[in-house]
Structure formats: structure tokens, C-alpha cells
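Q: Chain by chain, the residues:
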Amino acid sequence: MNTSADQLKKIEAQEYDDLVNQTKPKPTVLKNCIWAFVIGGLICTLGQIILNFFMGQGLSKLDAGSATSVVMIFLAALFTGLGWYDVLGKHAGAGSIVPITGFANAIVASAMEYKREGYIFGVGARIFSVAGPTLVFGFAIAVVIGLIKVVFS
Amino acid sequence: MANQKKLGSQTIMFENPPVLTAWATIVGPKEGEGPWGSDFDWVMEDYEFGEESWEKAETKLLRETIKLAVSKKNYSPQDIELLVSGDLLNQITSSSFAARELQIPFLGMYGACSTMAESLLTAAMAIDGGYFERTVAAVSSHYYTAERQFRFPAEQGTQRSISSQWTVTGAGAVVLEKGIYGGPRLTCATIGKIIDMGQKDANNMGSAMAPAAADTIKTHLNDTDRSPDYYDLIVTGDLGKVGSALVKQLFIKNGVVPEPNYSDCGVLIFNDNQDTHAGGSGCGCCAAMLCGPLLKKMVQGKIARLLLVATGALMSPTTSFQGESIPGIAHAVALENL
Numbered sequence: 018m019n020t021s022a023d024q025l026k027k028i029e030a031q032e033y034d035d036l037v038n039q040t041k042p043k044p045t046v047l048k049n050c051i052w053a054f055v056i057g058g059l060i061c062t063l064g065q066i067i068l069n070f071f072m073g074q075g076l077s078k079l080d081a082g083s084a085t086s087v088v089m090i091f092l093a094a095l096f097t098g099l100g101w102y103d104v105l106g107k108h109a110g111a112g113s114i115v116p117i118t119g120f121a122n123a124i125v126a127s128a129m130e131y132k133r134e135g136y137i138f139g140v141g142a143r144i145f146s147v148a149g150p151t152l153v154f155g156f157a158i159a160v161v162i163g164l165i166k167v168v169f170s
Numbered sequence: 002m003a004n005q006k007k008l009g010s011q012t013i014m015f016e017n018p019p020v021l022t023a024w025a026t027i028v029g030p031k032e033g034e035g036p037w038g039s040d041f042d043w044v045m046e047d048y049e050f051g052e053e054s055w056e057k058a059e060t061k062l063l064r065e066t067i068k069l070a071v072s073k074k075n076y077s078p079q080d081i082e083l084l085v086s087g088d089l090l091n092q093i094t095s096s097s098f099a100a101r102e103l104q105i106p107f108l109g110m111y112g113a114c115s116t117m118a119e120s121l122l123t124a125a126m127a128i129d130g131g132y133f134e135r136t137v138a139a140v141s142s143h144y145y146t147a148e149r150q151f152r153f154p155a156e157q158g159t160q161r162s163i164s165s166q167w168t169v170t171g172a173g174a175v176v177l178e179k180g181i182y183g184g185p186r187l188t189c190a191t192i193g194k195i196i197d198m199g200q201k202d203a204n205n206m207g208s209a210m211a212p213a214a215a216d217t218i219k220t221h222l223n224d225t226d227r228s229p230d231y232y233d234l235i236v237t238g239d240l241g242k243v244g245s246a247l248v249k250q251l252f253i254k255n256g257v258v259p260e261p262n263y264s265d266c267g268v269l270i271f272n273d274n275q276d277t278h279a280g281g282s283g284c285g286c287c288a289a290m291l292c293g294p295l296l297k298k299m300v301q302g303k304i305a306r307l308l309l310v311a312t313g314a315l316m317s318p319t320t321s322f323q324g325e326s327i328p329g330i331a332h333a334v335a336l337e338n339l
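From first to last, the protein sequence lines are chains F and X. Residues are numbered in my numbering as their position in the first sequence, beginning at 1, plus a constant of 17. Residues are numbered in my numbering as their position in the second sequence, beginning at 1, plus a constant of 1.
Hints may be right or wrong, so weigh each one.
To be verified - To be clear about the criterion: a stretch of chain X counts as covered by chain F if any three or more of its residues have a C-beta under 8 Å from a C-beta of chain F, and this derived list gives those stretches:
#1 61-69
#2 155-168
#3 244-250
Said to hold, decoys possible - Result set (EDC-like, lysine to aspartate or glutamate): computed pairs, CA atoms no more than 20 Å apart in a straight line:
#4 Lys194(X) to Asp23(F)
#5 Lys254(X) to Glu29(F)
#6 Lys26(F) to Asp202(X)
#7 Lys179(X) to Glu337(X)
#8 Lys201(X) to Glu29(F)
#9 Lys201(X) to Asp34(F)
#10 Lys249(X) to Glu29(F)
#11 Lys132(F) to Glu148(X)
#12 Lys303(X) to Asp233(X)
#13 Lys27(F) to Asp202(X)
#14 Lys27(F) to Asp197(X)
#15 Lys219(X) to Glu29(F)
#16 Lys132(F) to Glu49(X)
#17 Lys43(F) to Asp197(X)
#18 Lys249(X) to Asp35(F)
These are calculated hints, taken from the structure and not from any lab test. Even glycine gets a Cβ: it sits at the ideal position worked out from N, Cα and C.
Next up, chain F with everything else stripped away, as it sits in the complex:
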């Protein structure tokens, strides 16, 4: 008795889920992809221009790469502070999240948001509330790759 009632509920939930999927608007995947490609490409092009500039000034490729990251992170932080990056992100989606600028945005946006709860329990404790998973799994993968390298070389 109880199991058949459960079964009925499950079927009902499934039917409703189908109805929801029919009704809700489809995400505009193609449009999003084009936006992400264009904006993400522009951000990377800007990075390349800055990299070429630093290399032209005589920095080694490694140093020029580091300097470029510093500039890109600074620009993203500045634009976040000015309230522009979220407007960009609204259209660009992954295009502005995936590059290093997206990482800077996630950290600065959290810092701005939680400043009112103070520097320790606000900014300090919650600055990585959005970017944290990237760090955790980035570090974890780095350790795994490092181990693989040690074992196989």
C-alpha cells in the first residue's frame, strides 16, 4: 500500500518535471557561446598585447607572463570596484569567468560584499567564498599531477 503510494507520487513528480521542462524557456546556448567566445577572445587578446609589450621591453617570457597576470588582475579588480565587471559578465558568461580576470572578480566582489561584517569575519573569512572551490581543487589536481610526474619520471 505504502509503496504503491510512493510510486504514484514518484510518477506524479516525474510528470510535473516533464511539464516544467516543456514550459520553461530554453537557455540561449548559441547566443551565450558567441558572446563568451567574443568577449573571452578579446580579454585574451588584450593579455597577448600586454605580454608582447613586456617582452618588447626586454623581459623574459616567464617574467613577462607574470607581469601580464598582475596587470590583468589589477584591471579586473578595478572594473569590479567600478561596478562594470558584473555588467560584462552578464553578457559574456564563461567568456569573462574563465580567464584570470574572472578569478579576480570573484575575490574582489566577495571582499566588497562582506566588508560590512568587518575585516576578520567579513573580508578575511569570506573573501574566497566564491573562488575557494577553484583554489581547493586547483591545489588538489596540482598535487595529483605532481605525484604522477614523480612516479613516471
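Fit chain X to the given chain F structure using the hints.
A: Positioned in the frame of chain F, the structure of chain X alone reads:
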């Protein structure tokens, strides 16, 4: 049986229906730019409202709305015997902090976005029960306080889901008094059951709440033995575009079709070009629509009978992350010009 106070399974019928003698609403800038801008009492110039945090701004928003409603009848807050109020924040702090300054005996409510109807029916029961003569029901919500609690930091460059709704910045307050005055009366109310159809997407709350709205409307009409066209308007709280499309399908399934008398505050409150995606949400959504355009139309006589069905999605970020489905609820209150 004369004077039966409970009808059917879930509906309460007020013996002496309390009168809505005064009401007020203050809304945020975006709501002010919407189609009903001139129907609200006050439109905030910015989201800070002269305060240093959004939470303080929401407290002030609620407090000033209550004061404004009370002042319309030349009362002071001390004349109010009971304040029934709620909001969306953890521990409903906007309400209790507003009540701290108003010094009115206070009952806090949480029904997520259904709180306006929950507060109204509780405040009305307190009057019809003979305990109080003058109560206030109020709610508030604020886009930025809700965003930071339920979603992302404000400056985070994320893409909102196409089915997501925009939390309304706004507060509404209604003064209810014993039925010796003229005005719209709260004649009956249906207390909703939690309906959970297994929906889990917190970016699509309309879908989670639509079955609850359909169930409460069906139960209300059954309990009161009324047909949908008894009401000039049946309006749900904040199902938004997705939820209201779904609820219409459920109406057909249930065999009660209130169209064309049916609408939804979440769909009504913003213009299509305001980029809210699926419409408005939040306690303030149906509160602002009720205390702004809807009650105005009742006073003008354009609406004589209104059924407000406020809908709530009773999840938290924690339960969503733990993979729980979203329990939906809807409470209905019937307002009538008698």
C-alpha cells in the same frame, strides 16, 4: 450551523470581517520604473536608502512603510496593538529590528514570499478572535540583501538563469481594524499545505511554487463552494512567467480555470524590457502590488472581490546544496468590498 468559522478542510471564514483601513508601500528604484511606478506611495532613490548597509536599508524600508500606513489614519505606532511582520532574511531580522524601534507588540512570521498573506490572515484572526481592535500586517524584501543571502555577491560577474526571478525591493503594510469602518474587508482565508513536487532548481522557484498555488486555489474554491468567477481577480504572489504558465496548466488539470480573471504579481510588477528574466519575486512583490495598485483599484471600485494567493518557496541555500527539493506553499486571502 450559523457563524461557522471554519469551512471545509483549510478555510477560515471571519465572523466580523476585519477592515483594511489604511495601507502603504515603499519600493525600490527598479520597481518605481515599472508599470505601476505612480501607484506606490514612495520610490527609493537608491538601494542604500541613506543607510550604510543593505540590511539596515531594508529595516528602514519596512519601518517607514509601517509608519506611513499608520499615519494615514492619523495613528501613531503606539495606537497599534499588534504587529505581524516578516521578511526573507535569516532570523527575519528586518522585521524584528523594525519592531525594536516601533515598540509595537510583535509576532514574527516566516513564509518566504507567502508572508504577506500569512501576516494578513494572522492579524485578521487576532481581530476576529476578539483579542485586538487594531493590528498591522507588514512584510519587506530587498534585492541586495536577498541576493547576498541566497545567491552571489552583488559585483560578481555571473549570468542569471533565464528562469530566475528578480527579488523585489519593497515593503507593504496594512492596518486592519475591527469591522466598524468602511473599506475593503478580509472576509476569508485559506491556509495552504506544503506541496513539494520534487523540484530542486533554486533558480526556477516559480516551478516549485506553482503546484502549491494551484492546490490552495482549488481548496479555497471547494471549501467556500465558490466558482472562480466569484472573484474579479485571482492573483498569485510571485510565480513569475514560468510559474504562472505552469499554474494555468495545473488549473486545467484540476478543472478550475480562473482565466481571464487570473494574473500574477511577479509578472505584473515589472515591464518586459526591465531584464528581470522571469519576473519579480520576494515578499515585497505581492505586498507592493497589493498596497499599491490592487487596493487602489478596490477603493475605486474597479475590483470588488480579490483573491490574493501569496506563494512561498521554503528552502534555504543549505538545503539546496544538500540536494533537497523545494517545499512550496501558498496562502489565500479574500478581500471584498462589502
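Q: Each hint needs a verdict: does it hold in this structure or not?
A: Each hint tested on the structure:
1. Coverage of the segment 61-69 of chain X by chain F is violated [criterion: at least 3 residues with CB-CB distance below 8 Å; count 0].
2. Check result for the segment 155-168 of chain X against chain F: holds, 10 residues qualifying (beta carbon to beta carbon below 8 Å, three or more required).
3. Proximity of the segment 244-250 of chain X to chain F, defined as three or more residues with a beta carbon under 8 Å from a beta carbon of that chain, is established by the 3 residues found.
4. A distance of roughly 19 Å separates the Cα atoms of Lys194(X) and Asp23(F); the hinted pair therefore holds under the 20 Å criterion.
5. Of the pairs offered as hints, the one joining Lys254(X) and Glu29(F) holds, with about 12 Å between alpha carbons and a cut-off of 20 Å not exceeded.
6. The suggested pairing of Lys26(F) with Asp202(X) holds, with an alpha-carbon distance near 19 Å, which does not exceed 20 Å.
7. Of the supplied pair hints, the one linking Lys179(X) and Glu337(X) holds, its CA atoms being roughly 15 Å apart against a limit of 20 Å.
8. With a C-alpha separation of about 15 Å, the suggested pairing of Lys201(X) with Glu29(F) holds against the 20 Å cut-off.
9. Only pairs whose Cα atoms come within 20 Å are accepted, and Lys201(X) paired with Asp34(F) is accepted, the gap being roughly 10 Å.
10. As the CA atoms of Lys249(X) and Glu29(F) are separated by approximately 17 Å, the hinted pair is consistent with the 20 Å bound.
11. Only pairs whose Cα atoms come within 20 Å are accepted, and Lys132(F) paired with Glu148(X) is accepted, the gap being roughly 16 Å.
12. Straight-line distance between C-alpha atoms of Lys303(X) and Asp233(X) comes to about 9 Å, which keeps the hinted pair within the 20 Å bound.
13. Between Lys27(F) and Asp202(X) the CA atoms are separated by roughly 17 Å; this keeps the pair inside 20 Å, and the hint holds.
14. At most 20 Å may separate the alpha-carbon atoms for a hinted pair to count; Lys27(F) and Asp197(X) meet this at roughly 11 Å.
15. For the given pair, Lys219(X) sits about 18 Å from Glu29(F) by alpha-carbon distance, which is consistent with the 20 Å threshold.
16. The straight-line distance between the Cα atoms of Lys132(F) and Glu49(X) is roughly 15 Å, inside the 20 Å bound, and the hint therefore holds.
17. With a C-alpha separation of about 23 Å, the suggested pair Lys43(F) and Asp197(X) falls outside the 20 Å cut-off, and the hint is violated.
18. Distance restraint check for Lys249(X) and Asp35(F): the Cα-Cα separation of roughly 15 Å lies within the 20 Å cut-off, and the hinted pair is therefore satisfied.
In this structure, the earlier hints numbered 1 and 17 are contradicted, and the remaining ones agree with it.
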